[in-house]
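Chains as they are written, first to last, in the numbering used here: chain A, -4 to 350; chain B, -4 to 350; chain C, -4 to 350; chain D, -4 to 350.
Note that these hints are calculated values from the structure, not bench results. Take the hints with a grain of salt, since some may be wrong.
Heads up, the list lumps identical chains together, so a pair's fine if it works in one copy or across two of them.
[What the hints assert, rightly or not] Cross-link-like lysine-lysine pairs, in silico, BS3-like; alpha carbons within 30 Å at most:
1. Lys311 - Lys178
2. Lys70 - Lys177
3. Lys146 - Lys177
4. Lys346 - Lys94
5. Lys144 - Lys55
6. Lys70 - Lys192
7. Lys309 - Lys89
There are 4 protein chains.
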Amino acid sequence: MPGNTFGQLFRISTWGESHGESIGVVIDGCPAGLPITAEEIQKELDRRRTGQSKVTTTRKEPDRIRILSGVFQGKTTGTPLAMMVENADADSSKYELIKHLYRPGHADFTYDKKYGFRDYRGGGRSSARETVGRVAAGAIAKKLLARRKIKVFAYTRQIGDLVMQSFSQKEIENNIVRCPDKKMAEQMVQAILQARKDGDSLGGVIEVVAKGVPAGLGEPVFDRLDADLAKALMSLPAVKGVEVGIGFEAARLRGSECNDVFIAKNGKITTKTNNAGGVLGGISNGNDIVLRMVVKPTSSINREQDTVTQKGRKSKIRVEGRHDPCVAPRAVPMAEAMVALVLIDHLLRQKQAQL
Amino acid sequence: MPGNTFGQLFRISTWGESHGESIGVVIDGCPAGLPITAEEIQKELDRRRTGQSKVTTTRKEPDRIRILSGVFQGKTTGTPLAMMVENADADSSKYELIKHLYRPGHADFTYDKKYGFRDYRGGGRSSARETVGRVAAGAIAKKLLARRKIKVFAYTRQIGDLVMQSFSQKEIENNIVRCPDKKMAEQMVQAILQARKDGDSLGGVIEVVAKGVPAGLGEPVFDRLDADLAKALMSLPAVKGVEVGIGFEAARLRGSECNDVFIAKNGKITTKTNNAGGVLGGISNGNDIVLRMVVKPTSSINREQDTVTQKGRKSKIRVEGRHDPCVAPRAVPMAEAMVALVLIDHLLRQKQAQL
Amino acid sequence: MPGNTFGQLFRISTWGESHGESIGVVIDGCPAGLPITAEEIQKELDRRRTGQSKVTTTRKEPDRIRILSGVFQGKTTGTPLAMMVENADADSSKYELIKHLYRPGHADFTYDKKYGFRDYRGGGRSSARETVGRVAAGAIAKKLLARRKIKVFAYTRQIGDLVMQSFSQKEIENNIVRCPDKKMAEQMVQAILQARKDGDSLGGVIEVVAKGVPAGLGEPVFDRLDADLAKALMSLPAVKGVEVGIGFEAARLRGSECNDVFIAKNGKITTKTNNAGGVLGGISNGNDIVLRMVVKPTSSINREQDTVTQKGRKSKIRVEGRHDPCVAPRAVPMAEAMVALVLIDHLLRQKQAQL
Amino acid sequence: MPGNTFGQLFRISTWGESHGESIGVVIDGCPAGLPITAEEIQKELDRRRTGQSKVTTTRKEPDRIRILSGVFQGKTTGTPLAMMVENADADSSKYELIKHLYRPGHADFTYDKKYGFRDYRGGGRSSARETVGRVAAGAIAKKLLARRKIKVFAYTRQIGDLVMQSFSQKEIENNIVRCPDKKMAEQMVQAILQARKDGDSLGGVIEVVAKGVPAGLGEPVFDRLDADLAKALMSLPAVKGVEVGIGFEAARLRGSECNDVFIAKNGKITTKTNNAGGVLGGISNGNDIVLRMVVKPTSSINREQDTVTQKGRKSKIRVEGRHDPCVAPRAVPMAEAMVALVLIDHLLRQKQAQL
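In isolation and in its complexed conformation, chain A is listed as follows (with noise of 0.2 Å):
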């Protein structure tokens, strides 16, 4: 069972390799009537693309959104959307060099013993080139959840050692590094920037919210909303963690001190904390969706490494492509497209929920 396809109403399937001709994503699920423009898309694109600040990779993709079927007269017509971008600035000579070597960190090792060889070009599948699909089909996702006062964003929390302190919703598309903390974010690309003079990377923590999420979202029991927002933001690269509400600190509460207790509000049952993050029993509650998760420092890294040869032989490498030192910052729009997409597939689910 082939694995690039995620969602069950809404349903994106993404193609294409770091270095192929393009790559894209095929939208299977998108009701009809939807107005939409290769621009609004686009937007979302600018958020993830290369070479936007000085904290991220100098590639230059422009990735310039083409929207090849699905819409008509400006609206969705409830067949395939499928979308493109082409690689314009792919440079595989570096790769050549070093394509007998496994990098640490990467996905070449696991690819060979997987599918017998590689294409090793910039990671080939395993790039997070491949994101482009998904943050394409996100804005889709998003614009769907907007009609229903739905909205998704996500911001930098942590990068290294430094977390952030305070939160102002407004900086956080203000600063290169999506920090809602001012300051914290000055720091935070001083870091950055240090780590990569360093030939070293760092990493850091990303937090999700979505608001206006109305109860009832979600299907027990395997396909929670909590279990498919995991296995969402898991499935990005680099991710090695996800929580949801109050997380891993779960595990030094009593039960008196982590349950949310129940209140009314404005005519409206609601909780009086949010630990739970939105979700009880894996359907959503009302309150806000709240996620984190953490991407590992990036694995490639402008410094002499300690590895092997396809063939088992001790070796040096030197990865020298184009990096972000951090992903943090692009990986900001990537989760908000996740989320946003599972948000999505579970409002069209839960039509069918009752009579």
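Following the hints, complete the assembly by docking chains B, C and D onto the known chain A.
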């Protein structure tokens, strides 16, 4: 799209409610020819069953498994393998009294929102009792894995503030909290008993390890092995976070610290460290798979809590059913089952990767 | 990928063997709030059960349905609805004698090839007994359809050379072959009894009609309504062909004869004729859905036939179990069930077509 | 649940509209390591393309295939294989004139009902042009099958009243109607040209044969090989019926005539006759798979027909686009593609049947 089915090629569907007449599971996709007995499955169920020790709920469910189909002359036939357990000790009387109240931390409110009404007896479908079917199916998955020399085991790593300090695998099943650190296990038992005495409950962290997993399992880009594992664990009751390998610690590391350097060992390529937790680019690399999940403190506590009625009126609730003061000990076999189910599924999926 | 599940949103999974201890079905995706009783389901099972008349097998299965989960206070809860029937009158002795022989027309040989061995008692999983679960699930599908004023019924159109000449709907359930032509029904009964006397069997054609189906059901391009219906009927035992509307007759017509001209009737757009059988481009057009399926003559006949042993040695076989001399009469409720299951599935799927 | 994807393990998703900028397909699940070139795929597309002979539509689509991903160094990588064809000769002007009218026999009305509006140019998504993606994917399926010595071919058996009387396989691609009976082929050509002259169209019957299929393919009980084949063929445009082996003729036979007696031949178990068409109990038995499908006469005819407007007012329509007067000749490669896709899917699925 209904959500009571898990897996693609080794596919399980669970059914049943906490206080219904019985609960069960249907496995579709189990290869033909596997010798299996009810006793082997029973063993795993006994590890998850209620009333097994002084730190678990006092509900006494014998959980005798019946194999209804799919086995002939002691071997699986390749056709659906249905299993069932009767609910013997369901006592719904306590739930009649609180059926109009929403228990904090539980799915009462969200099920009402999703379905319009709910089976309020013992939590109905949202009860952890549903995991009987998972553990039964997991027993078969484990047996299939054992034929490939793959072994999955889990243990309690943390309860409240108590974190294990040493590891002895044989110790795990020797104590009732399933902690590989004998000394810490004793403290954990005391802490749980104290919490129950206080009318309260404790959270914890479970670690799962899979040994012998061959390199090559996992389907890029969405059905990554770690993404499917994250979903599997997050779909268990009370779980609020999942991490693989180094997990959230990765945020604080630099690439040069986090990368697992490739080495050759006995003619086989492996890595020097295992920060990755056995997964690179979503595909197993032949190292131990290492995961952790956090369980929140049991929501049902034997003390008065604020809440509201279904109509939103303020009220008080005391949940008097029989509950585990900490779900960690019984969550150990559940976590093993889920990881085993994901692994066998991906082993089958891997068969088609190459010509 | 296992094949014992049918449907996307209203999804059924059947399990069980002909001579196992019981057989059953799990429905996942039934909306919450539908009032349902075991009696309503029993009614449909009684139409399919063995021993109901002199033209069916003499195996006496009461087929008492038990609802195991998914119904609370008389209404569906939205969670999996499991149902089970015990196998009461299984007599495996006849099968012991022929377990090394391949019965012509049966799946003995192919199951051996697929799975390496087989449950030879009564055909095991390949027995038409498996359809108990389908008919039980179909009863619920029918009830859901009835709320939308959709009615599905089927009847025997042909047995051997005898083709119905007139149509009276109320006649269908008045005779034991379920033919809407009373006179022809009598001849059909005689033909069946004669065939049994001859140690032989007869084939037939079943027609299924669905009335009240709204326009718009069916998903282009693969999950067309007619494609899903074709699969549904072809998945029934003994079916060798399916046609919709004008069917194979279309080969001989010209476009000007075959096209159904659009007209307006009572302010509603419809077509003058219904050669299409209610489906245009894979989507229902509001007309009656009309389908036919052919069932081959029962493979088990009470006379000596040539065959081979499992090792390929020449042998003779006489199949002495209890069999229907013609499967058509009991195939009528099976066909209705399958069509009802497809329709309810597509009704649910249609909910997402538009914003 | 969207319906533009076909197959479980070898999974294709088509996208695109008749007059959009391009159309395409994504294959997910193609094993790694298959050598494949665009030329091999082009060959199959050339058999399906418009304007290939005097009996097809005059729309001139070169249908040049581009492989966008999933192939590296001439071999499949195991990751999604995306392919695309530009729409070159789309002329939408004729459709502007009739966009408010419902063409009899077409999906205009049903798409409006389903989606609220439609891309009316050339039938949009409902156009047979969508099958470009199927045939391209089918070419790869055929190549995979060839490695297992499985060969799929189809031919025109009947057009109007003209039924083939002799069979010569090499004749099939020697005439423009793809009939294995040379003499009859000539008559068929004349009949089609006459129908076009009359402003009318003809229906026909296609037969598909798969040779070399091993015993054991097909998943009981729903995903039977014949059920999946029936769905595959029924999902092609204009198909109104499907039969396997003896097909509808089975209604008239007795069991003693219809049963295929088992024999041993060259140490291999097979059957004396092949009324079953190669499938027993939904599983292949090693014989030739034999199927037939009927295609209705092309709905677009060059004469005035009654119809209604979108608002339901009486009107007349003359469909002036460029159309095949009989779809059978071009449906031959489409039918082959669909059967090849089902077979490769079930070959992959069969890998997990036994330990």
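Taking the hints in turn, this is what the structure says about them:
For the identical chains of this complex, Lys311 and Lys178 are neighbours neither inside a copy (39 Å) nor across copies (44 Å), given an alpha-carbon limit of 30 Å. Taking the closest pair of Cα atoms, Lys70 and Lys177 never come within 30 Å of each other, the shortest separation being 39 Å inside a single copy and 50 Å across copies. For the identical chains of this complex, Lys146 and Lys177 are intra-copy neighbours only, at 22 Å inside a copy versus 48 Å across copies, given an alpha-carbon limit of 30 Å. Within a single copy, Lys346 and Lys94 get their C-alpha atoms only as close as 49 Å, which misses the 30 Å cut-off; across copies the closest is 26 Å, which meets it.
In the homo-oligomer, the alpha carbons of Lys144 and Lys55 never lie at most 30 Å apart, since the shortest distance is 35 Å inside one protomer and 47 Å across protomers. Taking the shortest alpha-carbon separations for Lys70 and Lys192, neither the intra-copy value of 48 Å nor the inter-copy value of 40 Å comes in at or below 30 Å. In this homomeric assembly, Lys309 and Lys89 come within 30 Å of each other (Cα to Cα) only inside a single copy, at 20 Å, whereas the closest approach across copies is 67 Å.
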